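Mapping to our numbering: the sequence shown position 82 is 82, numbers consecutive.
These aren't lab readings, by the way, just hints derived from the structure by calculation. A portion of the hints provided could be inaccurate.
As a list, the in silico DMTMM-like pairs of lysine to aspartate or glutamate whose alpha-carbon atoms are at most 25 angstroms apart [what the hints assert, rightly or not]:
(1) K173 x D107
(2) K173 x E160
(3) K112 x D68
(4) K112 x E136
(5) K173 x E51
(6) K173 x D68
(7) K112 x E167
(8) K112 x D170
(9) K173 x E136
(10) K112 x E30
(11) K173 x E30
(12) K173 x D114
(13) K112 x E160
(14) K112 x E127
(15) K112 x E51
(16) K112 x E41
Here are the in silico distance ranges between beta carbons for each label pair [as the list claims (entries may be wrong)]:
(17) E150 x L116: 23 to 33 angstroms
(18) Q27 x P81: 30 to 40 angstroms
(19) P152 x L20: 50 to 60 angstroms
(20) P119 x I5: 46 to 56 angstroms
(21) E160 x V9: 53 to 63 angstroms
As the structure is a computational prediction, the values presented were derived from the model and not from experiment. Each residue gets a CB set at the ideal place from its N, CA and C atoms; glycine is no exception.
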Amino acid sequence: MTAAIITVVLAFAGYLVTYLNSLRLTQRQERLARVNRQLSEFFGPLLALTEINSQVYSAFSERHPRPDGRSPLQHGPDELPPTEEELAEWRLWITNVFLPNHRAMRDVLVNKADLLSEPHMPPILLEVYGHASWHEITVTRWEQGDLTPEQPSRPFPMTEIRRYVRENFDWLKQEQAALLGHRQRRGSQLR
1 MTAAIITVVL AFAGYLVTYL NSLRLTQRQE RLARVNRQLS EFFGPLLALT EINSQVYSAF
61 SERHPRPDGR SPLQHGPDEL PPTEEELAEW RLWITNVFLP NHRAMRDVLV NKADLLSEPH
121 MPPILLEVYG HASWHEITVT RWEQGDLTPE QPSRPFPMTE IRRYVRENFD WLKQEQAALL
181 GHRQRRGSQL R
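Using the sequences and the hints, build the whole thing.
This is the structure we're talking about:
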């Protein structure tokens, strides 16, 4: 009788261990699937778009420098206003380069917000969304013939959005590597 009880207890313990291990593996797989989606559908595309936007803006600024070395449209009330040529070039770049890029960022934010790491939309992402909307209105005015130069109340938050996206992307890559069982070597990239 004792042997039968021990057999039943061992069988139950084996089943329980198998069940708990299976549950842990399933949760790990689900977490890995979410991290992969966050990287491929949200933070990866945002990282590419913010890096491209930064490089393109740098190229624009280098190609069209102001006499004082400042960005073409970043000027105060006591500074030289942009020339008509500078404004025409800015309209061209906004319409054909920056607006499509900002739209793509906005689309990622709207369509993939469920992949955020935070429980609420971070203010920096709302600012990016607002900037894209400002460009939409501005381009629509230009198409209607109103070429009055206007600037958003704050320049595009390039540094802040790049930092936010890079930090989240890097953190998720580390978590992905850990979930895959990879270890990071000192001074080396994740493999």
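Quick rundown of the hints versus the structure:
1. K173 x D107: Roughly 23 angstroms between the alpha carbons, so the hint for K173 and D107 holds.
2. K173 x E160: 20 angstroms, holds
3. K112 x D68: At roughly 41 angstroms apart (the allowed maximum being 25 angstroms), D68 and K112 break the hint.
4. K112 x E136: Judged against 25 angstroms, a Cα distance of about 21 angstroms means the pair holds.
5. K173 x E51: Roughly 17 angstroms between the alpha carbons, so the hint for K173 and E51 holds.
6. K173 x D68: 41 angstroms, violated
7. K112 x E167: 18 angstroms, holds
8. K112 x D170: OK: K112 and D170 at ~19 angstroms, within 25 angstroms.
9. K173 x E136: Given pair K173, E136 is violated - Cα atoms ~34 angstroms apart, limit 25 angstroms.
10. K112 x E30: 18 angstroms, holds
11. K173 x E30: Within the cut-off at roughly 16 angstroms; holds.
12. K173 x D114: 18 angstroms, holds
13. K112 x E160: 20 angstroms, holds
14. K112 x E127: 17 angstroms, holds
15. K112 x E51: Between K112 and E51 the Cα gap is close to 19 angstroms, so the pair holds against 25 angstroms.
16. K112 x E41: With a Cα-Cα distance of about 7 angstroms, the restraint between K112 and E41 holds, given a limit of 25 angstroms.
17. E150 x L116: 23 to 33 angstroms: 31 angstroms, holds
18. Q27 x P81: 30 to 40 angstroms: Hint violated: Cβ distance 59 angstroms, outside 30 to 40 angstroms.
19. P152 x L20: 50 to 60 angstroms: 54 angstroms, holds
20. P119 x I5: 46 to 56 angstroms: About 49 angstroms separates the Cβ atoms of P119 and I5, which means 46 to 56 angstroms holds.
21. E160 x V9: 53 to 63 angstroms: Between E160 and V9, where Cβ atoms are some 59 angstroms apart, the hint holds.
Hints 3, 6, 9 and 18 from the list above are not met by this structure, while the remaining hints are.
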